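Residue numbers (this note's numbering), protein chains in the order written: chain A, 86 to 611; chain B, 86 to 611.
Hints were generated in silico from the structure; no laboratory data involved. Since we're looking at a predicted model, the values are computed, not measured. Careful: at least some of the hints might be erroneous.
Note that identical chains are pooled: a pair holds if it fits in a single copy or bridges any two copies.
Claimed, not checked - Under the rule of at most 30 Å between Cα atoms (straight-line distance), these lysine-lysine pairs were calculated in the BS3-like manner:
id, residue 1, residue 2
1, Lys144, Lys188
2, Lys573, Lys532
3, Lys272, Lys540
4, Lys608, Lys598
Here is what each chain is made of, one letter per residue.
Protein chains: 2
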Amino acid sequence: MTKVETSGRSRRFQRLRARRENLAGSPVESPYVQLENPYPPLEILSADEVSFIDASAKKLLQEVGIKVLSAEARAHYRQGGAEVDKESEQVRFPSEMIETLMKPVPSKFSMYGRNPVRNVTMGGGVGGETSRVAFGTVSGTPFLSDLDRGRRDGDKAGLIELAKLAQYYDVIHILGTLIEPLDIPVKMRHVETVRCYMTHSDKVPFVRSQRRQEIEEAVTLVRLIRGIDEDRLYKEPSCYTVVNMNSPLQLDELMAQGIMVMAELGQVVIVTPFTLAGAMAPVTLAGALTQQHAEALAGMVLAQIVKPGTCVVYGGFTSNVDMRSGSPAFGTPEYTQAAIATGQLCRMYNVPFRSSNVNASNAPDAQSAYESQMSLWGAVLGGCHFLLHGAGWLEGGLVASYEKFIIDVEMLQMMARFFGNLVVDEDSVAMGAMRDVGAGGHYFGTKHTLERYDKAFYEPILSDWRNFENWSEAGGETADVRANKIWKEVVAKSPDTMLEAGLEEEVAGYVAKVEERVKRDTKKSR
Amino acid sequence: MTKVETSGRSRRFQRLRARRENLAGSPVESPYVQLENPYPPLEILSADEVSFIDASAKKLLQEVGIKVLSAEARAHYRQGGAEVDKESEQVRFPSEMIETLMKPVPSKFSMYGRNPVRNVTMGGGVGGETSRVAFGTVSGTPFLSDLDRGRRDGDKAGLIELAKLAQYYDVIHILGTLIEPLDIPVKMRHVETVRCYMTHSDKVPFVRSQRRQEIEEAVTLVRLIRGIDEDRLYKEPSCYTVVNMNSPLQLDELMAQGIMVMAELGQVVIVTPFTLAGAMAPVTLAGALTQQHAEALAGMVLAQIVKPGTCVVYGGFTSNVDMRSGSPAFGTPEYTQAAIATGQLCRMYNVPFRSSNVNASNAPDAQSAYESQMSLWGAVLGGCHFLLHGAGWLEGGLVASYEKFIIDVEMLQMMARFFGNLVVDEDSVAMGAMRDVGAGGHYFGTKHTLERYDKAFYEPILSDWRNFENWSEAGGETADVRANKIWKEVVAKSPDTMLEAGLEEEVAGYVAKVEERVKRDTKKSR
Chain A
86 MTKVETSGRS RRFQRLRARR ENLAGSPVES PYVQLENPYP PLEILSADEV
136 SFIDASAKKL LQEVGIKVLS AEARAHYRQG GAEVDKESEQ VRFPSEMIET
186 LMKPVPSKFS MYGRNPVRNV TMGGGVGGET SRVAFGTVSG TPFLSDLDRG
236 RRDGDKAGLI ELAKLAQYYD VIHILGTLIE PLDIPVKMRH VETVRCYMTH
286 SDKVPFVRSQ RRQEIEEAVT LVRLIRGIDE DRLYKEPSCY TVVNMNSPLQ
336 LDELMAQGIM VMAELGQVVI VTPFTLAGAM APVTLAGALT QQHAEALAGM
386 VLAQIVKPGT CVVYGGFTSN VDMRSGSPAF GTPEYTQAAI ATGQLCRMYN
436 VPFRSSNVNA SNAPDAQSAY ESQMSLWGAV LGGCHFLLHG AGWLEGGLVA
486 SYEKFIIDVE MLQMMARFFG NLVVDEDSVA MGAMRDVGAG GHYFGTKHTL
536 ERYDKAFYEP ILSDWRNFEN WSEAGGETAD VRANKIWKEV VAKSPDTMLE
586 AGLEEEVAGY VAKVEERVKR DTKKSR
Chain B
86 MTKVETSGRS RRFQRLRARR ENLAGSPVES PYVQLENPYP PLEILSADEV
136 SFIDASAKKL LQEVGIKVLS AEARAHYRQG GAEVDKESEQ VRFPSEMIET
186 LMKPVPSKFS MYGRNPVRNV TMGGGVGGET SRVAFGTVSG TPFLSDLDRG
236 RRDGDKAGLI ELAKLAQYYD VIHILGTLIE PLDIPVKMRH VETVRCYMTH
286 SDKVPFVRSQ RRQEIEEAVT LVRLIRGIDE DRLYKEPSCY TVVNMNSPLQ
336 LDELMAQGIM VMAELGQVVI VTPFTLAGAM APVTLAGALT QQHAEALAGM
386 VLAQIVKPGT CVVYGGFTSN VDMRSGSPAF GTPEYTQAAI ATGQLCRMYN
436 VPFRSSNVNA SNAPDAQSAY ESQMSLWGAV LGGCHFLLHG AGWLEGGLVA
486 SYEKFIIDVE MLQMMARFFG NLVVDEDSVA MGAMRDVGAG GHYFGTKHTL
536 ERYDKAFYEP ILSDWRNFEN WSEAGGETAD VRANKIWKEV VAKSPDTMLE
586 AGLEEEVAGY VAKVEERVKR DTKKSR
């Protein structure tokens, strides 16, 4: 697996890890640290159909365009060659502008974790090279839920617990925002959340799209904790943001800031239109995909105008609503098809593809699992490079569920194992063993089995394979109840901090400075 | 969809269906009656690896062979060119024998339901033609389980309830045995089960591999109920059996009878080795697949010796055990890989591929759903033509669960929808609608939406997409609890019989005759 550099910082992390007694999943040994999807992507659209959607999206951008609520962004678009209508704030794109601006987009790039073993390669799969896959946690949920404490507002304590879970499992490569901690003052949330993420995890964190100053402060804190200077940060993307286009065909001020400021700082921008077919997008999947494509291109192009070559990712989120109630649905067959089609649209531009592990269930039950699997397979078969909401998403994204987090980790680890090699050679075909055992025997105690059994198969963390009698006697716990026990164990044995004492003070000092700045601003605005 | 012939029998069925008021899913309108998988199969093995496994399996059959416990089968094998060792009962296959005998195997054939709309095409996918997919119910479980009555021995009442569920949902094409009805005397079970299946369903039934006379009587009953003569039955396979090789490398008397008698009668033989890696097969997946391949070929070849061109299906069931406890596991990543690899081995011989929807959970919970999905996707991506255990399987096949049945129907219907076409054309790309709605609007009330909303998306039978508040107020039921209500509704509104009065008497008469024969035999053997 990935070799660990023995720099000073890295050695500190090795000591930290050594301290975490009984904490399994050390990244040095784990098969989950870097994943490759060896399967060629599935194609649901013909080449002509992909071209038709692309051409239609560009026609839409040319004839209708998008409404951009940020004056700064409109100025950038104008400078990049777009026509801007001052009154309507509508931005229209000449036909060749998109293609020209999308050319320098990297098809593969690295994101840098605080711990070098957490560096993530994003993209690949072009021209026969392997396609990398990274899994991220749930992101952006206002509510929290677990079987003991029920459903409640997101808070800092919950954010810390989820960050510990995210850190513990190596199959989680990247942090989402996890939840919205409502007990942290709004004006301090941008730095306090980053402090939480990075105190409890050494994986690449999320920075929200917000006002310029807030983004800059959050990214500065990421840089301080990584212990690097601005030049290096600019060359080593160390955090990312997700920009949700305000579908249909609109980009608001904060989302525009997210694109522009993160691009300026050399960080990663994921553009994800929220195209729910039947609500914010046409009821036809082809229509919703066309709109998604137009919006994604418009967003990624802004990043390229600000800084050509900005590392951007195309986020596919097209799903459908329940036409009887208007409720959003996720992990539907239409969602799966849209994910696969989106992969094809991404490959047209050689841009990395982000998808999600989503469902619309209200409980960590069978529905949550089968809808998640439908979205997971859509992502994997679509050749997705980054799966956000990989663990913990419930209720269509309103809730981060602790139990679903564990269920999802199990599903992600199973998928990671599915990416593994099925070895076919003289040794694995085991002709000798079959000859020895012959007819009617068994392989339990054979030499061939004993030499291989401990690494032969995926070992689950959650699935219970005992027979009914043993399972019943032990309490007859369903998967959600078992998941409840697991997350509590992990949280309990996770370290209180992953920051060294000196660094913790440095972080506190920076956060205090931001607090002073916020106080000054509040006074001014009174 | 499929047109309904208006023969006398068919008209009777139309009347029957018309009687079933409020019973949705009429096959005439249902999109689930005949399914095609439009996606090309995934390949996990290189062509060389497939050839190596095939060559190794044939080498195993040549050098080690299989132990055949039936003298009649050994005689057939000898006549077909195999070397038979009288003392060890070992049958060895000269290298070219397998390939020669497998040549007349049909790559695609029809199975005939009592109702012509229930006819099923099995196979396809060779040379650019579409690949057909049929889903079958759970099969062979000794126990029954539902949330109200708990876990209990299989009985006739349960068999009838499950047959009603199987009949109700058009996405179920073929019946498995469902359960073992322990309250029906063993010696009458072969005809009583067929009577149950066909009284409550017009879909293709399963006939167990058992003694010659029992198979013949069961098939005769199928023929009587279809109302056809022996010649027509011979040309129109109207039932099937599943032969489990007694892995490793053994074929017992009853299983051999199943192959020989069903082949003689022109019915369908599915040969499924039970190759659990680490227990009855090598711990390496390649080894387990090699053994599976050898056993499947040996079984299918027997059918070809008895009647060249017999409709056979290659059953892939390779999974692994939990190496800590020896418990069988299903829906593991290794299972998924094995299913995909098995599809490649089937295509080498152009023989239809049977797979399964399986899991090892003890409850209809999240584990049951994610393991099922792993096996379902293995089947679909492997190009499977017949999915047995499609609905109702729990506890590694020991239990038929009513709630899991409904959960599975939902998953199968989602998969059926995933097989549907993603239409990309001027109309579906909806440029006009997007122009009309413009930036920041919504599509809820637009003409484009209203004209299409009722058929735009898959409508679930089980998934609950309400928001948390509405869901909680309505009782906060998880998927298993909702499934419990659904199956009870379906059973309650299903007809008491699907046989006309005259036919019911005819069936009763034949069963009485068999009962007399059984009594005579019992007397004789005293």
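Hints versus structure:
| no. | hint | verdict |
| --- | --- | --- |
| 1 | Lys144 / Lys188 | within (19 Å within a copy, 54 Å between copies) |
| 2 | Lys573 / Lys532 | neither (39 Å within a copy, 51 Å between copies) |
| 3 | Lys272 / Lys540 | neither (50 Å within a copy, 46 Å between copies) |
| 4 | Lys608 / Lys598 | within (15 Å within a copy, 98 Å between copies) |
Checked against the numbered hints given earlier, the structure breaks hints 2, 3 and satisfies all the rest.
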